[in-house]
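Novice: Here is how the chains run, residue by residue.
There are 2 protein chains.
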Amino acid sequence: MSAYSSKLLEQAVDELSKLPGIGRKTALRLALHLLQGSVDDVEKLSDSLVKMRKDIRHCRICNNISDQEVCMICSNPRRKNSVICVVEDIRDVMAIEKTSQFNGLYHVLGGIISPMEGIGPNDLTFDLLVERLSQNEISEVILALPATIEGDTTSFYIYRKIKDFKVLITTIARGVAIGDELEYADEITLGRSIIKRIPYEKAVNG
Amino acid sequence: MSAYSSKLLEQAVDELSKLPGIGRKTALRLALHLLQGSVDDVEKLSDSLVKMRKDIRHCRICNNISDQEVCMICSNPRRKNSVICVVEDIRDVMAIEKTSQFNGLYHVLGGIISPMEGIGPNDLTFDLLVERLSQNEISEVILALPATIEGDTTSFYIYRKIKDFKVLITTIARGVAIGDELEYADEITLGRSIIKRIPYEKAVNG
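If you read the sequences in order, they're chains A and B. When the count follows our numbering, it moves up by one through the first sequence with no breaks and lands on 206 for the last residue. When the count follows our numbering, it moves up by one through the second sequence with no breaks and lands on 206 for the last residue.
Hint data in this document are derived by calculation from the structure and do not stem from the laboratory. Warning: the hint list may mix true and false statements.
The list makes no distinction among identical chains, and a pair is therefore deemed to hold if it is satisfied within one copy or across any two copies.
Stated by the list, open to error - Here are the simulated DSS-like cross-link-like pairs (lysine-lysine), alpha carbons at most 25 Å apart as the crow flies:
1. Lys25 - Lys196
2. Lys44 - Lys202
3. Lys196 - Lys18
4. Lys54 - Lys18
5. Lys166 - Lys44
6. Lys7 - Lys25
7. Lys54 - Lys25
8. Lys51 - Lys161
9. Lys98 - Lys25
10. Lys80 - Lys7
11. Lys51 - Lys202
12. Lys163 - Lys98
13. Lys196 - Lys7
14. Lys25 - Lys51
15. Lys18 - Lys98
16. Lys161 - Lys54
17. Lys161 - Lys25
18. Lys98 - Lys161
19. Lys98 - Lys7
20. Lys18 - Lys166
21. Lys80 - Lys166
22. Lys51 - Lys166
23. Lys18 - Lys163
24. Lys161 - Lys80
25. Lys80 - Lys98
26. Lys163 - Lys7
27. Lys18 - Lys44
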């Protein structure tokens with residue numbers, strides 16, 4: 001006999017534990033929670049998941065997740081459409097949007113080059129980015145990719161692809177986080193932030 | 001504009017973050033994971049949840065979760081049906097089954113008395129337990145409830161309800177966990193295990 005007294009429960013736990021970060025114990029807790037709630041609640045959850053998966057689209061301009069053909073950011077006339085910020089995925093878009101410090105458009109790669117995970121240049125939306133640069137008046141491309149080997153590799157790959165366009169290519173600042181004590185910053189970040197030091201007046205006046 | 005570029009995504013995140021222990025960040029990670037998978041995967045997950053919620057039943061004898069009217073444990077002729085182990089919920093059944101040390105039947109209360117959470121005696125299956133005792137030849141009732149104030153209150157409530165039946169009422173042993181160093185055991189457990197000490201020979205020979 002299996003540990004579960006119900007095949008239906010076991011199947012639900014099997015499916016839930018396929019989700020990232022959800023082990024079988026957590027899956028069981030979630031399943032029992034759903035069992036205690038109403039049928040309506042469970043249907044709302046499952047409908048929202050299926051509907052999302054079936055109906056969601058990717059913006060044909062920037063590849064961001066969208067309900068329409070063109071996402072809310074790309075279709076917003078108040079955004080500066082000559083600046084493109086290149087990010088790994090939609091979570092980065094949300095993180096940057098939360099800062100309220102960026103008013104341009106995005107380009108969502110859908111991942112970064114990672115031979116370890118079998119993600120090569122062809123799996124990402126580099127061609128779409130090159131197309132945007134050749135068809136539009138773009139003044140700046142900001143590379144906002146993770147500060148990892150994969151992120152740096154991807155930044156360099158993009159740099160080589162677009163360096164012949166007449167466009168300013170920038171990357172987001174790296175250094176000691178605002179509010180951090182120096183002694184708690186990691187050596188590499190701290191070392192780099194000394195080498196890449198900037199004039200005080202520039203740092204203060206932005 | 002909301003932080004999400006898609007209403008569909010936002011709705012899925014809303015629903016997922018209603019689950020216990022799932023915050024909005026985790027919900028977003030789960031939703032994006034599902035977006036990357038196939039439609040089929042999402043449908044399998046959502047079908048399993050709805051099917052579980054709609055079709056699962058409670059064993060009419062012991063209140064355990066079951067696919068049939070009588071659960072696999074109650075309907076197993078090789079189990080000793082004169083011993084009933086009373087537990088809080090199905091997770092406890094699974095935990096005890098895993099030990100392979102119990103061959104009787106269960107009684108699943110579906111909770112414990114907790115005025116804080118508004119759970120009173122009428123919300124639990126005490127009457128069903130009394131009915132089982134009056135209609136069957138039961139020799140022993142094992143109270144296997146949590147070692148908390150609520151658990152002890154519930155045990156005492158059950159004890160008073162069934163003490164007039166000709167049945168042995170026992171409770172699971174409490175004490176220092178097997179493999180634990182004394183210095184790491186909490187004071188109350190250690191103190192109680194000294195007061196409730198048992199003859200060495202009995203401990204060794206079971």
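Novice: Among all the numbered hints in the text so far, which are the ones the structure does not match?
Specialist: Failing hints, ascending: 1, 2, 3, 5, 8, 11, 12, 13, 16, 17, 18, 20, 22, 23 and 26.
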